[in-house]
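Participant: Residue numbers (my numbering), protein chains in the order written: chain A, 167 to 636; chain B, 95 to 429.
In case anyone wonders, no lab produced these hints; they're calculated from the structure. What you are looking at is a predicted structure, and each value in this text was computed from that prediction instead of being measured. For every residue, glycine included, the Cβ atom is placed at its ideal position computed from N, Cα and C. Do not rely on the hints blindly, as some may be mistaken.
[As the list claims (entries may be wrong)] Derived list of chain A stretches under chain B, where covered just means 3 residues or more per stretch with a C-beta under 8 angstroms from a C-beta of chain B:
(1) 256-267
(2) 307-314
(3) 318-331
[Stated by the list, open to error] Which residues of chain B face chain A? A partial, calculated answer using Cβ under 8 angstroms:
(4) D100
(5) I102
(6) R135
(7) E171
(8) A181
(9) L184
(10) V186
(11) Q188
(12) I197
(13) G203
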Amino acid sequence: MILADIIPQYNGIRHITELLPLRSSAGRKRMLSQTFMTKAKDIKEELDKVEEMYGFLLNPQFEKPITAIQQTLMQIHDIQNSLNALVQKHIMDEIELFEIKRFALLCEEIATQLDTLSCQYIAVPDLNKVIELLDPESNRTAHFFIYSAYDPLLAEARRQYKALEGEQSDEAQLLREQCLNLEDSIRQRLSKNLHSHSSDLMQAWEAVATLDFTLARAGLALESGLVRPHIASDITQYEGLFHPGIKEILQKRNQRFHPWDIQLFDAPCLITGANMAGKTVLLKTIALNQYLLQFGFFVAAAKADIVPVDVIRTAFDDEQSELTGLSSFAAEIVRLQSVLSTIKEGKKMLVLIDEPARTTNPHEGLAIANALIDLLEKHRVRSLITTHYSKIQSSCRKLRIKGLKIPETISAITIDTINRYMDYSLMEHRSNEAPREAIQIARLLGLDEELISLARFYAGRNETEIEPST
Amino acid sequence: MPFVDDLIKHTSVSIIGTEKNTGKTECLKHILRRLDGSGHRLAVTSIGLDGEGIDQVTLTPKPEIFLSEGTIFVTTEAHFRTKKLDAEILDVSQQRTSLGRLITARVKGRGKVLLSGPSDTIWLKKLIDQMQLYQIDTTLVDGALSRQSPGSPAITQAMVLTTGAALSVNINTLVSKTAFLYELIQLPLWDNPLSEKMLQQTHGVWAVDEYGHMHELPFQSAFTLDANKEELFRHGHTIYVSGAITSRLLNTLRMQPNIGKTRLIARDFSKIFADHQSYQAFTKNGGQINVLLQTKLIALCVNPVSPKGYILDSVKLREQMQATLQIPVYDLFNL
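So that you can see chain B by itself, here it is in the shape it has in the complex (with noise of 0.2 angstroms):
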């Protein structure tokens, strides 16, 4: 599959899936699986913020991961205690997650492990930060679109997508919903020497004049600026979110008189939370949205079986969602 060849050239990837059952797993092992022997030094972790071991949607156990000897893993004491494989341990964490320390061990002998992780997206950083003690050149992360999203560009370079059926069984909806998270991946980046000086801006909403200073507006968070609109565009229309962009916020925007003037600002993807009609609404009516970390995705995933038994057709859906996108599509469950 050549997006693994693309994949190694990052130092940490994330697997984030549109849904649950999108086959984020299945994407994990087919990467561990082409690169089982050819010398790459691989990290494995998870974001354990659903306490995982069972998933919490289907009540089916979540897969244990294979794993080859020199692989690094990192999971919770829980998980570590019922592994498959034999493995050196190397680091036990002092901070504890609901299901203990985290346990980073090195696989001796190989088998198969069920892959948890710290619960919080800055430890998953610090860890992944950690991965250069022990000459690792990928860690990879199992993760989910969420609040807590590793996809996020400030925590791992590169994502693969996954999708399919267990996100919509209609393939319209699917690729229509796909293309929509796509085109909030896809979303320009904001050239400007100021973005530096915002992404140290970690709270607040911050609005930037014409003269380019930066004005950090009197509202904690996009969730409360209905409470005083009037002061939204006092110092112009370049509006900085550091928090979640919701739909509210985009449809307060779209009603004001200079939206063909607005341009809205998102640290990365992963900070829009917004839903696809409000985001339509606020784009046609000529406001812009930009970000100051690209992500880049190297990878979209389709799976056609969803957690129901519903197959859906591959080669169309494959077919369907690469015309729309204009990207290559892989089905690992039809290979």
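Chain A on its own, in the form it takes in the complex (with noise of 0.2 angstroms):
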């Protein structure tokens, strides 16, 4: 599974590829290919090179060659065909000598400034046999032309046919038809001898989109303060998680996003909370913050242990999913046997479901979670479910969002300011009870005074039919 996947399924990790300050389409395609890892190994060694940019980002000292290698970076153009084509020994034309000889010019520049900054783990090779054959009169300027220079034989023949003054003559025709031809042999020539430098080529070329790819993971936590994670063998814990997107949309309306903390072990976790607590939001930036540890990123989080893990499997409303048209307890239950099956393949998984079986009626509904939440248990899934449903029979560890504290004087909120009154703090929640605030919220929302006070006397019907006891 590589990144340019997972873009598509989730706006979380869009966002933030939207946001990577990329400088070269070289990068752009790095970023794209860049593998889900679930080694350890792998991922610290991203997240070396990383942090190595990200110091360098920091340290004012450093700030002349990086602007060197970020500007250079820019004027990179997409030379991937040529490359193979140089591979796959085709002769090349003056527009790809062109290519490859500003490409070679180009590495060298950012080489010698990676120098400067005695950078430890990306390394551009030397390229200075590839300039040498392409740069016979040692200009050191990006510009290409089969010169003079590359044959005497090429020389002599252009000066004859200068002299001849544009003459259309059968002379100057010849004379025309030798220089083109010794220009094809000299390519050929040139083609063959840049052949033998074609793994340099390469090497150049994906040094350089990897640079510009760590360059822009250094610059993008720079920007959006993110942290590098530690990797954790048992227990993920996040200290003042948060997600990048959301929170730039609060400040933006000068609000604050409230971070958490969290802890997850391999077992599954219950959240419940009022509505508007920010249970999916906690759900997705836990996604979100996976997938950026695996994918070789800083996180959103001030401090951030996590465990590396197989899969991911999700089910929440976020995903662009080829299950739209599907009704929606059919799209849950193809969501839901996805995360069943690899399960049981004992992949090592992260599982985040939001509301299971909320699309058909409680009763079964209810029975369904429970069922899966036993099952999650069984198999020690690291996992947190968000729910509504009280008597989630299971003894799973419990958190809930404290919810709404709105203070008496306050009669009427609203949409946007209702995050004033929500207190998103995570608490460890004993009961099976889950929060019952929904129509209390719909009321300080403005819901029609007659539709909440029937569903004041329905709720309190319920409860009594349902629980004749209390």
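Can you join these two chains into the complex? Each is in its own frame, and there are hints to help.
Facilitator: And the structure:
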């Protein structure tokens, strides 16, 4: 699995990749092809690279070489086709030779700057041999021509042709053909010689792509306040966890994102809380950060210890999936089944499910939710499940988002102001009762009073019918 | 030809034909010949809107241009590969046209090349600006009158206009059509402190009230004007249309009771697509038209030969054109 597969599925990931300050199409391609890493060693290697660049960005002493690298990266054209042609021993045309020469000169510039930085993790191979081949007059400019310096015969033929002052004679025609033939053989020779450097050129292309992607990840970390996560082996633990996209939106409205502290063990954990308390956002944030780690990014938290997993399975509304078009219940069942079949394959998983079985009648819905949690417990699956259902039988860990605390004096709130009265922090929740604040919140949001009072009447009656003893 | 002396004072000059086959290419060739060996550093390109290569109207191949050493040219990848000259590649664009990327190159051994160029004027402007990198004195652009005309003073500093039998084989019609275009080119500048601010507005229709305040009117463009005409004069009678000015707009305005007080402002002449008749009716009724940017016309060249082979009397054509327009007119085909 690569990053390009995930971007269309999650708005959060897409948003992050849009924020990435990439400067070349090489870097962009590298980003899209980043694999989902599951081994701690691989992740660590990527994070080391990002951390090194992050350090360069923070140090004012390195501003000059970093700016020079960034500007050079912006000038790198996508020459992958030309490089592939070279590897396959095609004969290069002038435009391809120009592209390769220009690329080699830019790489040389980058290599010089990386030296100034004493960069440990990224190195661009020496392309001096390539430059020499394409720069017979030693001009060191990124221009290209089949220079007369390549062959004295060509120089002579060109001189003679020029002396004819553009005559239309047979002699001129012959000389012109001679020049073209000589140029062709020079291109053949150059292509052959360049081919022996093609692996260096390919490595340089990879290095430049990695450099751009890494520098962009470091830049993003600095810009969005991300931190280097530690790789843990049993407990995933976040302090000051946040969702960068939502934080940004709130900041624009002069509102604060309330970060969470949370621990995830290798067992299910149930999240309850009022409507609008941010249960779904919490799930999305955890999914996003797990992906960030495993694609080699810093993460959105003040401090993070994260256990890498083999598979992340989610079921929440954010997904733009091929399931659109199915009834909501059918889509949910398909998602749940994909979670279960992966669990049974014995893979190490992170499972995040928003309100399982909410799309059917509460009686059977509750039964399905209970069964799901039992299975997650049985297979010791690191998972977070949000629910509005009371009476989840499981003894699993339960967390509750504290929810609304509205002063007596406030009689109406709006979708914009509700944020002020919501306590987003997580607390351990012992009871198996889910909070009942839906009617209250609906009233505060201004839902018709007649409906509210009828709803209260029915809620009370349900209570006595279902639970006559309390 | 005296106009070439004027031309070299500008950093960018477009060569605009009133119609296909009015001798644009001949004019470009003439300028290149005249400046060959003068030491004046030239760059040439074209705006490749019609896929060029083959003239879309007459289906005749577009002629290649002969370039001498040191000249810089910009053409598309497809045409660069068919060049019959030696050239050092200076740059390859990342953006693509339908004929591939744009290649900027310097002639190392003279010969012929087909010119094509960027697909829009924004890109063209960027290219012209880039020519400074190569110490170019003047960039010549082969172009046409169209929505993407490089003749706009926002794109090139000055313009050479070519007209001829391809536009009309009747001398009177040809002169009158050309005179109308000349009148548009000569439209007076709107001399007002607000004009700078107006230039920054590239979208919409705006009005200026008597206190000199600009108000955006609720129209996307002149095309959607009919929907609520009464809104048009809410803020006075000075109206700036940032986009195209059409016959329909002029006819709508002419019908309004306040036509005598109406002043219409266009960005530049290339935005006016109205026909002669609507324009005349508008101005005869007292309407005024101004521009924010004025075009510098360096020369008017005529081609007496039509693509179908009809040949006008060169002397008569030139004399009549000159008498009507009161400017020097050149026939590059009969020098």
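Participant: A separate judgement is required for each hint: does it hold in the structure or not?
Facilitator: Hint check results:
| no. | hint | verdict |
| --- | --- | --- |
| 1 | 256-267 | holds (count 5) |
| 2 | 307-314 | holds (count 4) |
| 3 | 318-331 | holds (count 3) |
| 4 | D100 | violated (28 angstroms) |
| 5 | I102 | violated (24 angstroms) |
| 6 | R135 | violated (16 angstroms) |
| 7 | E171 | holds (7 angstroms) |
| 8 | A181 | holds (7 angstroms) |
| 9 | L184 | holds (5 angstroms) |
| 10 | V186 | holds (6 angstroms) |
| 11 | Q188 | holds (6 angstroms) |
| 12 | I197 | holds (7 angstroms) |
| 13 | G203 | holds (6 angstroms) |
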